[in-house]
Amino acid sequence: MVEHDDEEGVTAEEQAQAEALARALDGQASSPDGAAPADALETAALLRYAAGDGELDEGRAEAVLDALWPPGAQRPGDPSSAPALMRARARWRGPALAAALGFAAAAAALLWSRPGAEVAAPADGPQLQAPSEAATLPAPPTELLRAQAAAARDPATRDALDTAMGSYREAVLRRLAAQYPAHVGMLEAPAPRRLP
Amino acid sequence: MTRVRHAVLGRLAVCVLSALCGLGSGCSESPRPAPIGLGEGAEWVEQVRSAHAHADAALASDDREAARSALRAAVDATVPEEIRPGHRRAVQQDLWFRLAELALSKQQHEQALQDVERGLALGHAPDVFTANLWIARGETLQALGRDTEAASSYYEALTINQRLLAELLRRPAEPAQ
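Heads up: the sequence lines are chains A and B, in that order. To convert, note that position 73 of the first sequence is 73 in this note's numbering; the numbers rise steadily by one, no gaps. To convert, note that position 103 of the second sequence is 103 in this note's numbering; the numbers rise steadily by one, no gaps.
Keep in mind that a hint or two might mislead.
What the hints assert, rightly or not - For the chain B half of the interface with chain A, some residues (derived, Cβ under 10 Å), not all of them:
| # | residue |
| --- | --- |
| 1 | Gly39 |
| 2 | Glu40 |
| 3 | Asn132 |
Claimed, not checked - Chain A side only, calculated, beta carbon under 8 Å to chain B, not exhaustive:
| # | residue |
| --- | --- |
| 4 | Leu137 |
| 5 | Pro140 |
| 6 | Leu144 |
| 7 | Leu145 |
| 8 | Pro155 |
| 9 | Ala156 |
| 10 | Ser167 |
| 11 | Tyr168 |
| 12 | Arg169 |
| 13 | Ala171 |
| 14 | Leu176 |
| 15 | Tyr180 |
| 16 | Ala182 |
Calculated from the structure, these hints are not laboratory results. The model shown is predicted, which means the values in this text are computed figures rather than measured ones. Just so it is clear, CB atoms sit at the ideal spot from N, CA and C, and this is done for glycine as well.
Same shape as in the complex, but just chain A:
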């Protein structure tokens, strides 16, 4: 896993991945070496759909992938190279379609909401936490977000999420340890003070 700076900013690799996603969002091909990750492309397809700039169906996704990799080339994350994964995907197709419909509605709502606004909590649920407190925790790295998106689409990829969470968890606990420092305790009580 790439070392992620949990203070401010993003690493160079994260920036490159973000730029790849931005290019995909613009409908452009990735860099000449075709290094755009498939997950970024899928995410881009979803985002473009949410913006009314595309359609969320297999044909659309295939078109996006075809635009970035030549026909016949092995795509990163291509399920055809993993029959077991393919079977797993087929098993989840029904629920995934339902989830995609829900996701599209949520994405539209997200685009209409102002940046930084909290996600609406269920009426009977607890209130959202203040963003200022969330901001005191390290930002999740790209790898984690990618693994999380994959796990939400295909539970068979949960191991990657667990791995990514392990690193992020460490970073969070380190940050908290810094925010709640140990007292500089007195190991021995001072001698009673008396007047001369």
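Given the coordinates of chain A, work out where chain B should sit on it, guided by the hints.
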């Protein structure tokens, strides 16, 4: 009334005498109890970190019960008041997520659902921890054959995930080292 006045004056006198002793009038000064070692918040964080480490070690030797015990002890531990609510929620949601995943791995779906719901009851935030619980909820409900509810949970997770990704894109790049 007079008795009350005397009592007040008496207490005032004690206070004045105590203050004079404190200024060094010959009284010995009993040291204030000082915190020794970690502060309560730091202790709690360390306890959580240790629980995760124990769980990792237990899982490495396929001892899921030991892993569950370690995580459960951490989530049940009293949280010091100095811990901010958002931090408490995040840390405890992460523990509930791991507990739910453990239950799922043992096909204990009802237990997993309980763990997830207890985690989500702590609050909903647009962060990784809440999103993970939605994913675990989706997996659990799907295993229970409640596909529509599962889909709804996945969509909650993806909504948060997308938002975090958008925030990542908006963040300024680090200057080249």
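Outcome of the hint check:
1. With a least beta-carbon distance of about 4 Å to chain A, the hint placing Gly39/B at the interface is held under the 10 Å criterion.
2. Nearest Cβ of chain A to the Cβ of Glu40/B: about 8 Å, under the 10 Å cut. The hint holds.
3. The interface hint given for Asn132/B holds, since its Cβ lies 7 Å from the closest Cβ of chain A, which is under the 10 Å cut-off.
4. Restraint check, Leu137/A versus chain B: the minimum CB separation of about 6 Å is within 8 Å; hint holds.
5. Taking 8 Å as the C-beta cut-off, the interface hint given for Pro140/A holds, the closest approach to chain B being about 5 Å.
6. Against a cut-off of 8 Å between C-beta atoms, the interface hint on Leu144/A holds, since the closest Cβ of chain B lies about 6 Å away.
7. With its C-beta approaching chain B no nearer than about 5 Å, Leu145/A sits inside the 8 Å limit, and its interface hint holds.
8. Here the hint on Pro155/A is kept, as its CB sits about 5 Å from the closest CB of chain B, short of 8 Å.
9. With 8 Å as the threshold, the beta carbon of Ala156/A stays out of range of chain B, its nearest partner Cβ sitting at about 10 Å, so the hint is violated.
10. For Ser167/A, the interface hint is violated, the least distance from its beta-carbon to any beta-carbon of chain B being 12 Å, above 8 Å.
11. A distance limit of 8 Å between C-beta atoms decides the matter here; for Tyr168/A the minimum to chain B is near 7 Å, and the interface restraint holds.
12. Hint status for Arg169/A: holds, given a least beta-carbon distance of 6 Å to chain B, under 8 Å.
13. Against a cut-off of 8 Å between C-beta atoms, the interface hint on Ala171/A is violated, since the closest Cβ of chain B lies about 11 Å away.
14. Because the smallest distance between the Cβ of Leu176/A and any Cβ of chain B comes to about 5 Å, under 8 Å, the interface hint for this residue holds.
15. Hint status for Tyr180/A: holds, given a least beta-carbon distance of 3 Å to chain B, under 8 Å.
16. Interface hint status for Ala182/A: upheld, as the beta-carbon distance to the closest one in chain B is roughly 4 Å, under 8 Å.
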